[in-house]
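Undergrad: Could you build the full structure based on these sequences and the hints that come with them?
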Amino acid sequence: MRGGNVVLGAAGLAAFLALGEAVPRLGLVKEAYFPPTSRIAAALVDEVADAAFWSALGDTLTGWALGLAIASCAGVVVGVVVSIVPYLRDATASTIEFLRPIPSVALIPLAVLLYGTELKSVLLLVVYASFWQVLIQTLYGVQDVDPVAEETARSYGLGTWARVRHVLWPTALPYVMTGVRLAAAVALILAITTELVIGAPGLGRQIAVAQTSQAVPEMYALIVVAGLLGLLVNVGARTVERRALAWHQSVRGEVAV
Amino acid sequence: MRRLSAGLTAGALLLVATACGSSDDGSSDAGASSGGVTTVKLGLIPIVDVAPLYLGQKQGFFEKQGLKLEFTPAQGGAAIVPGVVSGQFQFGFSNVTSLMVAQTNGLPVQAVANGIASTGVRGKDFNGLMVKKDSPVKSPKQLEGKKVAINTLKNINETAVRQAVRKAGGDPDKVELVEMAFDQMPAALDQGQIDAACVVEPATATIRSQGGREIASPLVDVAPEVTVAMYFTSTQYAQQHPDVVKKFQDATAESLAYAEAHPDEARQIVTTYTKIPASVLEQVILPKWPSEPNRASIEALMKLGEEDGLFKKTPDLDALLP
Numbered sequence: 001m002r003g004g005n006v007v008l009g010a011a012g013l014a015a016f017l018a019l020g021e022a023v024p025r026l027g028l029v030k031e032a033y034f035p036p037t038s039r040i041a042a043a044l045v046d047e048v049a050d051a052a053f054w055s056a057l058g059d060t061l062t063g064w065a066l067g068l069a070i071a072s073c074a075g076v077v078v079g080v081v082v083s084i085v086p087y088l089r090d091a092t093a094s095t096i097e098f099l100r101p102i103p104s105v106a107l108i109p110l111a112v113l114l115y116g117t118e119l120k121s122v123l124l125l126v127v128y129a130s131f132w133q134v135l136i137q138t139l140y141g142v143q144d145v146d147p148v149a150e151e152t153a154r155s156y157g158l159g160t161w162a163r164v165r166h167v168l169w170p171t172a173l174p175y176v177m178t179g180v181r182l183a184a185a186v187a188l189i190l191a192i193t194t195e196l197v198i199g200a201p202g203l204g205r206q207i208a209v210a211q212t213s214q215a216v217p218e219m220y221a222l223i224v225v226a227g228l229l230g231l232l233v234n235v236g237a238r239t240v241e242r243r244a245l246a247w248h249q250s251v252r253g254e255v256a257v
Numbered sequence: 001m002r003r004l005s006a007g008l009t010a011g012a013l014l015l016v017a018t019a020c021g022s023s024d025d026g027s028s029d030a031g032a033s034s035g036g037v038t039t040v041k042l043g044l045i046p047i048v049d050v051a052p053l054y055l056g057q058k059q060g061f062f063e064k065q066g067l068k069l070e071f072t073p074a075q076g077g078a079a080i081v082p083g084v085v086s087g088q089f090q091f092g093f094s095n096v097t098s099l100m101v102a103q104t105n106g107l108p109v110q111a112v113a114n115g116i117a118s119t120g121v122r123g124k125d126f127n128g129l130m131v132k133k134d135s136p137v138k139s140p141k142q143l144e145g146k147k148v149a150i151n152t153l154k155n156i157n158e159t160a161v162r163q164a165v166r167k168a169g170g171d172p173d174k175v176e177l178v179e180m181a182f183d184q185m186p187a188a189l190d191q192g193q194i195d196a197a198c199v200v201e202p203a204t205a206t207i208r209s210q211g212g213r214e215i216a217s218p219l220v221d222v223a224p225e226v227t228v229a230m231y232f233t234s235t236q237y238a239q240q241h242p243d244v245v246k247k248f249q250d251a252t253a254e255s256l257a258y259a260e261a262h263p264d265e266a267r268q269i270v271t272t273y274t275k276i277p278a279s280v281l282e283q284v285i286l287p288k289w290p291s292e293p294n295r296a297s298i299e300a301l302m303k304l305g306e307e308d309g310l311f312k313k314t315p316d317l318d319a320l321l322p
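Taken in order, these protein sequences are the chains called D and H. Using this note's numbering, the final residue of the first sequence is 257, and nothing's skipped along the way. Using this note's numbering, the final residue of the second sequence is 322, and nothing's skipped along the way.
A hint or two may mislead.
Claimed, not checked - DSS-like mimics (lysine-lysine), calculated; alpha carbons at most 30 Å apart, straight line:
id, chain 1, residue 1, chain 2, residue 2
1, H, Lys303, D, Lys30
2, H, Lys132, D, Lys30
3, H, Lys303, H, Lys147
4, D, Lys30, H, Lys133
Stated by the list, open to error - Some but not every residue of chain H turned toward chain D, in silico, with C-beta under 7 Å:
id, residue
5, Pro73
6, Ala74
7, Ala79
8, Ala187
9, Thr206
10, Thr274
11, Pro277
12, Leu281
13, Val284
Stated by the list, open to error - Derived coverage of chain D by chain H (criterion: at least 3 residues anywhere in the stretch with Cβ under 8 Å from a Cβ of chain H; other residues may be distant):
id, segment
14, 8-16
15, 28-38
16, 104-114
Hints in this document: simulated from the structure, not taken from any laboratory. In this text, a Cβ means the ideal position worked out from N, Cα and C, and glycines have one as well.
TA: Quick look at the structure:
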């Protein structure tokens with residue numbers, strides 16, 4: 001079954017690449033604006049040989065990792081605090097629902113004003129976008145705590161911290177992990193978008209430079225790299241999720257009693 | 001599981017700590033001097049226009065003045081004016097219409113050195129109003145009722161295109177201007193999504209290589225040898241650091257003169273900060289890099305801009321220009 005999936009996946013990718021080669025070659029779109037796969041691959045090889053590419057990749061990953069870490073920690077802490085402090089959830093619900101849908105990209109002028117075109121601008125937007133993913137999942141996770149388990153822990157005399165640690169956290173963790181996985185993808189999108197739009201150092205800026213330079217194959221090569229990064233981020237996030245939840249029934253695959 | 005979550009938390013906290021650490025050595029101290037060399041941040045768009053400063057840095061013209069430029073490429077230029085006003089950059093590169101708009105909006109900006117000028121040669125300018133090979137349009141007058149792409153509405157290219165139409169005897173109000181990034185114009189023109197495009201290099205070279213025709217040189221229609229863009233700083237910085245501004249002006253003037261005299265070296269340095277393919281770069285028409293701005297041409301841009309309703313009030317050129 002698993003082997004079949006891999007073969008199917010590889011066949012799908014091969015078909016996609018072949019389509020990318022054929023469409024411009026057949027003249028359906030102009031080669032000048034959408035180069036065939038082979039030319040993009042050649043440009044990719046050139047890029048990989050360039051030191052500037054690697055430092056750009058490093059900048060993007062730095063922005064992504066720092067932003068994701070800050071957003072995840074803040075999301076979990078705020079989520080737990082908002083949930084367990086009485087009345088705080090109700091008091092903040094409308095504010096959260098107001099702030100959450102604001103697209104991070106709309107804050108670009110603010111980021112530029114505060115931090116110019118530096119890493120901090122990227123962080124501001126990455127953290128803003130991915131924070132909500134983690135926060136909302138944490139809130140739902142905490143809400144899902146079994147009241148009987150909570151009451152039992154209470155009657156056994158467990159303190160607030162012990163109940164957070166042994167009752168709330170195991171219940172919320174699967175939700176938090178989903179939040180972090182979603183946030184990981186959002187953080188990458190935002191990191192590259194910010195670099196592309198305001199020119200903070202990183203892959204996004206390289207894409208923008210290629211665009212303004214009329215270097216079309218190079219631009220697509222960098223876009224492919226962005227796609228590959230997204231793929232890796234997703235695989236990595238799923239692995240972390242599976243590890244952290246190895247004990248959970250959703251991962252163990254056993255039927256809950 | 002406990003160890004893992006502890007590890008994850010510890011790692012995350014470490015990352016947060018690094019984030020805080022690196023944010024301390026922020027930009028506010030840029031422009032400070034150490035060992036007799038003042039490092040200044042320059043916000044610019046990585047295009048052909050700014051080649052003289054890259055060249056000047058390489059030739060040591062800035063070092064001679066005790067300056068070190070830190071190039072901070074920003075996309076589209078939208079980040080540059082706020083960046084300079086908020087002190088993220090000490091200097092920036094912007095077109096003069098944007099500077100006039102910024103000034104009339106109450107932003108404290110001040111031009112300090114010349115940037116680029118149009119070549120003033122019709123058909124041989126870095127900026128052109130172009131149509132595709134088989135287009136029936138022969139003159140800007142025929143653009144009435146047609147769609148023309150410019151990079152930014154209510155800015156210098158709107159002034160230029162409207163003037164080109166006006167000069168050809170057409171009514172600029174009848175031309176539909178749409179906003180589009182320069183790099184997308186060749187494809188859009190080719191696909192027929194737009195009827196004409198006001199492009200700059202290297203997109204101009206791309207369109208020429210596809211057989212596109214230039215029906216006007218809009219900047220030439222504005223004035224001969226228009227000062228298109230300049231280097232600027234904030235009024236506060238100019239007041240607090242007149243010595244740095246003076247050094248920047250001198251080194252920039254020397255760089256502009258050098259680039260003007262050595263176009264091949266200018267072309268060469270462009271490859272270090274852009275990805276323009278060598279085949280395209282050969283075809284690119286370089287702008288003029290005079291050391292001094294052409295005030296008459298800026299006045300012409302201002303008058304036309306006022307006519308087109310670009311400014312809230314009349315720009316004060318005496319305050320804006322060096």
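Undergrad: Next, verify each hint and record whether it holds.
TA: Hints and how they fare:
1. H:Lys303 <-> D:Lys30: The given pair, whose Cα atoms are some 42 Å apart, is violated under the 30 Å limit.
2. H:Lys132 <-> D:Lys30: Since the Cα atoms of H:Lys132 and D:Lys30 sit roughly 15 Å apart, the hinted pair holds (cutoff 30 Å).
3. H:Lys303 <-> H:Lys147: 25 Å, holds
4. D:Lys30 <-> H:Lys133: 16 Å, holds
5. Pro73: 5 Å, holds
6. Ala74: 4 Å, holds
7. Ala79: 5 Å, holds
8. Ala187: The hint holds - H:Ala187 has a Cβ within 7 Å of chain D, the shortest such distance being about 4 Å.
9. Thr206: 5 Å, holds
10. Thr274: 4 Å, holds
11. Pro277: Since the shortest Cβ distance to chain D is 6 Å, the answer is holds.
12. Leu281: 9 Å, violated
13. Val284: 10 Å, violated
14. 8-16: With 0 residues in contact (Cβ-Cβ under 8 Å with chain H), the coverage given for the segment 8-16 of chain D is violated.
15. 28-38: holds (count 3)
16. 104-114: holds (count 4)
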